[in-house]
Amino acid sequence: MQESQINLQDLQNGTTTFDPTVTHDDFLNQLLSGLQTTVSWPDMSAGDGQTKPTLPWNVDHFDDQSALLSSKLRHHHIAAAGGGRTTLIQNDNSSFNSPIGDNNSIQSIQNLFHGFTGSLTSNQTQQSFGSLEMAAAVMMSPSAAAGGGGGGGAPSQPRQRVRARRGQATDPHSIAERLRRERIAERMKALQELVPNANKADKATMLDDIIDYVKFLQLQVKVLSMSRLGGAASSTIVAEGGGNEPASFSNNDTTTVTESQVVKLMEEDMGAAMQYLQEKGLCLMPISLATVISTGSRSNHLLTGGESGWPSSPNMSMLTVQSGNGVSVKDSP
Amino acid sequence: MSRSHQPTSTNPAYLKNQFAHRFVRALNSLNHANSAARDHNQMHRRTSRVKIAAYTAMASVVGSRRAWSRAVLWRIRKRSRNRGLLLKRNRKRVDHKITNCHHHAKVMSLKRRNPNPKRQGFNPFRDSSQELKLRKLVPGAGTMDSWCLMGETADYIKCLAAQD
Chain A
474 MQESQINLQD LQNGTTTFDP TVTHDDFLNQ LLSGLQTTVS WPDMSAGDGQ TKPTLPWNVD
534 HFDDQSALLS SKLRHHHIAA AGGGRTTLIQ NDNSSFNSPI GDNNSIQSIQ NLFHGFTGSL
594 TSNQTQQSFG SLEMAAAVMM SPSAAAGGGG GGGAPSQPRQ RVRARRGQAT DPHSIAERLR
654 RERIAERMKA LQELVPNANK ADKATMLDDI IDYVKFLQLQ VKVLSMSRLG GAASSTIVAE
714 GGGNEPASFS NNDTTTVTES QVVKLMEEDM GAAMQYLQEK GLCLMPISLA TVISTGSRSN
774 HLLTGGESGW PSSPNMSMLT VQSGNGVSVK DSP
Chain R
10 MSRSHQPTST NPAYLKNQFA HRFVRALNSL NHANSAARDH NQMHRRTSRV KIAAYTAMAS
70 VVGSRRAWSR AVLWRIRKRS RNRGLLLKRN RKRVDHKITN CHHHAKVMSL KRRNPNPKRQ
130 GFNPFRDSSQ ELKLRKLVPG AGTMDSWCLM GETADYIKCL AAQD
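First to last, the sequence lines map onto chains A and R.
Going by this note's numbering, the first sequence opens with residue 474, and the numbers climb by one from there.
Going by this note's numbering, the second sequence opens with residue 10, and the numbers climb by one from there.
In short, the hints are calculated from the structure, not lab data.
Among the clues, some could well be false.
[As the list claims (entries may be wrong)] Computed spacing ranges between beta-carbons, pair by pair:
#1 Arg84(R) / Leu652(A): 28 to 38 Å
#2 Ile648(A) / Tyr23(R): 15 to 25 Å
#3 His30(R) / Arg654(A): 18 to 28 Å
[Unchecked claim] Chain A stretches covered by chain R per the calculated footprint, using a threshold of three residues with CB under 8 Å from any CB of chain R:
#4 662 to 675
#5 679 to 691
[What the hints assert, rightly or not] Below, simulated BS3-like cross-link-like pairs (lysine-lysine); rule was C-alpha separation at most 25 Å, straight line:
#6 Lys676(A) / Lys25(R)
#7 Lys142(R) / Lys695(A)
#8 Lys60(R) / Lys688(A)
#9 Lys662(A) / Lys145(R)
#10 Lys145(R) / Lys695(A)
#11 Lys676(A) / Lys142(R)
#12 Lys688(A) / Lys25(R)
#13 Lys145(R) / Lys688(A)
#14 Lys688(A) / Lys167(R)
#15 Lys676(A) / Lys145(R)
#16 Lys662(A) / Lys142(R)
#17 Lys673(A) / Lys142(R)
#18 Lys142(R) / Lys87(R)
#19 Lys167(R) / Lys695(A)
#20 Lys676(A) / Lys167(R)
#21 Lys676(A) / Lys87(R)
#22 Lys25(R) / Lys673(A)
#23 Lys167(R) / Lys673(A)
#24 Lys662(A) / Lys60(R)
#25 Lys25(R) / Lys695(A)
#26 Lys688(A) / Lys142(R)
#27 Lys145(R) / Lys673(A)
#28 Lys662(A) / Lys25(R)
Beta carbons: idealized from backbone N, C-alpha and C, even for Gly.
Can you build the whole structure from these sequences, using the hints too?
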């Protein structure tokens with residue numbers, strides 16, 4: 474008993490050395506056994522004999538001891554090795570020597586120490602040392618502690634970092650990434666406003682929409698520019714588009730028929746309307762530009778036009794021009 | 010970004026006016042230059058010229074403020090060198106602009122760095138294929154981080170939509 478008490482006092486003072494040669498399994502066994510055997514922690518403070526084989530510690534007594542131990546552990550910079558608990562302890566500067574298998578109390582002290590270090594490494598939160606019940610819980614689940622025994626650096630340093638883990642705001646990398654993410658999201662919103670009828674159910678669909686819209690706009694430019702040179706030129710577009718037969722016309726009647734058909738199609742499906750126009754060698758153009766062009770150059774090759782807009786725009790006005798025949802304007806509401 | 014002394018208006022009306030003006034001018038010059046031949050090859054050439062005129066007009070309105078406009082003008086200049094399509098008068102003007110733009114672009118690209126090491130977790134694109142598609146579509150967006158890519162896309166869409 475005295476030996477144990479002396480050792481405990483040495484433990485308190487931090488002068489004793491701890492030489493664990495127990496293996497991992499042995500440690501587990503001892504831990505489990507140590508929980509049930511008596512621990513003389515309260516004896517130290519009270520100076521009495523051993524306690525009953527129930528849960529040997531009281532919170533009141535153990536607060537001091539745990540605080541002491543935790544401070545000791547912090548000071549001694551327990552470095553966790555990758556392996557089991559034994560190597561962990563060996564890295565410890567404060568090594569505690571005690572004859573193995575001598576005393577239950579000593580073993581239990583060892584186990585307690587193991588448990589403390591284990592709680593240190595596993596939780597990596599110093600708050601767990603505040604209440605011994607948490608340490609007890611750690612000891613009760615040695616597997617969890619053993620599994621987490623890989624990460625404890627100097628206990629004082631992770632203290633500030635880890636404490637804010639929930640907000641994830643301390644790491645400069647994560648802050649930068651969060652900023653970047655926010656910027657990207659903000660620009661996504663701006664793009665969403667640009668693209669009409671965007672299906673913003675998800676970022677992925679939004680992006681698909683954006684891509685399709687850019688493609689459509691580019692196609693529109695291509696169609697507009699190519700069709701400007703007359704119906705025959707549009708055959709090239711059509712050929713590039715899908716290998717349709719070229720169609721060139723210069724008849725007034727056909728244009729009106731075409732127009733009505735296009736209007737009909739447009740009400741149903743914009744894409745089909747565009748395709749129809751292309752096949753016919755027509756294209757869509759806003760009336761403003763068409764008037765500018767027609768007044769600008771009175772010459773032959775102007776082209777057909779209509780409304781243009783990504784879905785169907787509300788004001789539709791069709792301007793049909795034939796190559797070499799003049800301009801006729803028709804409004805279709 | 011506010012280094013340009015030009016009127017920094019990107020509102021659609023301004024864009025439309027400018028674009029229409031330049032486009033019509035280009036078309037006029039094309040009309041004067043070419044005959045109304047119905048030859049297939051010539052037609053093809055002229056359509057491409059008109060298309061080039063459209064893109065050039067659009068990009069020249071924006072000038073060198075945006076990466077995509079610089080890329081467009083640069084490409085056109087290259088093509089004009091290769092094929093000799095442009096008129097001499099236009100070529101001079103375009104070349105002059107493009108040299109400025111390209112110089113500016115080079116300077117800017119040297120300054121620009123990829124700010125973050127790539128971490129897959131914060132990639133906003135569901136598939137990287139989407140990002141690749143977008144980069145292919147928007148001119149001059151080959152070497153850009155995601156954020157700049159989105160900005161260029163936004164501006165490009167604005168200008169394309171202003172083309173009517």
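Results of checking the hints against the structure:
1. Checked against the hint of 28 to 38 Å, the C-beta distance between Arg84(R) and Leu652(A) comes to roughly 34 Å, which is consistent with it.
2. For the pair Ile648(A) and Tyr23(R), the supplied restraint of 15 to 25 Å is violated, since their beta-carbon distance comes to about 39 Å.
3. Range check, His30(R) to Arg654(A): Cβ separation about 41 Å, and the 18 to 28 Å hint is violated.
4. Under the rule that three or more residues need a Cβ within less than 8 Å of chain R, the assignment of the stretch 662 to 675 of chain A holds, with 5 such residues.
5. Note: the stretch 679 to 691 of chain A has 9 residues with beta-carbon separation from chain R under 8 Å; the three-residue rule is met and the coverage holds.
6. With a CA separation close to 30 Å, the supplied pair Lys676(A) and Lys25(R) exceeds the 25 Å bound.
7. As the CA atoms of Lys142(R) and Lys695(A) are separated by approximately 19 Å, the hinted pair is consistent with the 25 Å bound.
8. The suggested pairing of Lys60(R) with Lys688(A) holds, with an alpha-carbon distance near 15 Å, which does not exceed 25 Å.
9. The straight-line distance between the Cα atoms of Lys662(A) and Lys145(R) is roughly 21 Å, inside the 25 Å bound, and the hint therefore holds.
10. Distance check on the hinted pair: Lys145(R) and Lys695(A) sit about 17 Å apart at the alpha-carbon level, within 25 Å; holds.
11. A C-alpha spacing of about 15 Å is found between Lys676(A) and Lys142(R), which places the hinted pair at or below 25 Å, so the restraint holds.
12. For the hint pairing Lys688(A) with Lys25(R), the CA-to-CA distance comes to about 20 Å; that is within 25 Å, so the pair holds.
13. For the proposed pair Lys145(R) and Lys688(A), the alpha carbon gap of about 10 Å is at most 25 Å, so the pair holds.
14. Simply put, Lys688(A) and Lys167(R) have alpha-carbon atoms about 13 Å apart, close enough for the 25 Å limit, and the pair holds.
15. Straight-line distance between C-alpha atoms of Lys676(A) and Lys145(R) comes to about 19 Å, which keeps the hinted pair within the 25 Å bound.
16. About 19 Å separates the Cα atoms of Lys662(A) and Lys142(R), which keeps this hinted pair within 25 Å; it holds.
17. A threshold of 25 Å between alpha carbons decides the hint, and for Lys673(A) with Lys142(R) the separation of about 19 Å falls inside it, so the pair holds.
18. A C-alpha spacing of about 24 Å is found between Lys142(R) and Lys87(R), which places the hinted pair at or below 25 Å, so the restraint holds.
19. Pair hint Lys167(R) plus Lys695(A) holds up; C-alpha atoms about 17 Å apart against a cutoff of 25 Å.
20. Note on Lys676(A) and Lys167(R): the hinted pairing holds, with a Cα-Cα distance of about 20 Å set against a maximum of 25 Å.
21. This hinted pair does not check out: Lys676(A) and Lys87(R) have alpha carbons roughly 37 Å apart, beyond 25 Å.
22. Distance hint between Lys25(R) and Lys673(A) is unfulfilled; the C-alpha atoms sit about 28 Å from each other, more than 25 Å.
23. Between the alpha carbons of Lys167(R) and Lys673(A) the distance comes to roughly 19 Å, so the proposed pair stays at or under 25 Å and holds.
24. For the proposed pair Lys662(A) and Lys60(R), the alpha carbon gap of about 31 Å is over 25 Å, so the pair is violated.
25. For a cut-off of 25 Å, the pair hint linking Lys25(R) to Lys695(A) stands: about 17 Å separates their Cα positions.
26. Proximity of Lys688(A) to Lys142(R) is assessed by CA-CA distance (about 10 Å); at most 25 Å being required, the pair is judged to hold.
27. Annotation: proposed proximity of Lys145(R) to Lys673(A) holds, straight-line Cα distance about 23 Å (limit 25 Å).
28. As the CA atoms of Lys662(A) and Lys25(R) are separated by approximately 24 Å, the hinted pair is consistent with the 25 Å bound.
Figure legend: structure checked against the earlier numbered hints; hints not met, in rising order: 2, 3, 6, 21, 22 and 24.
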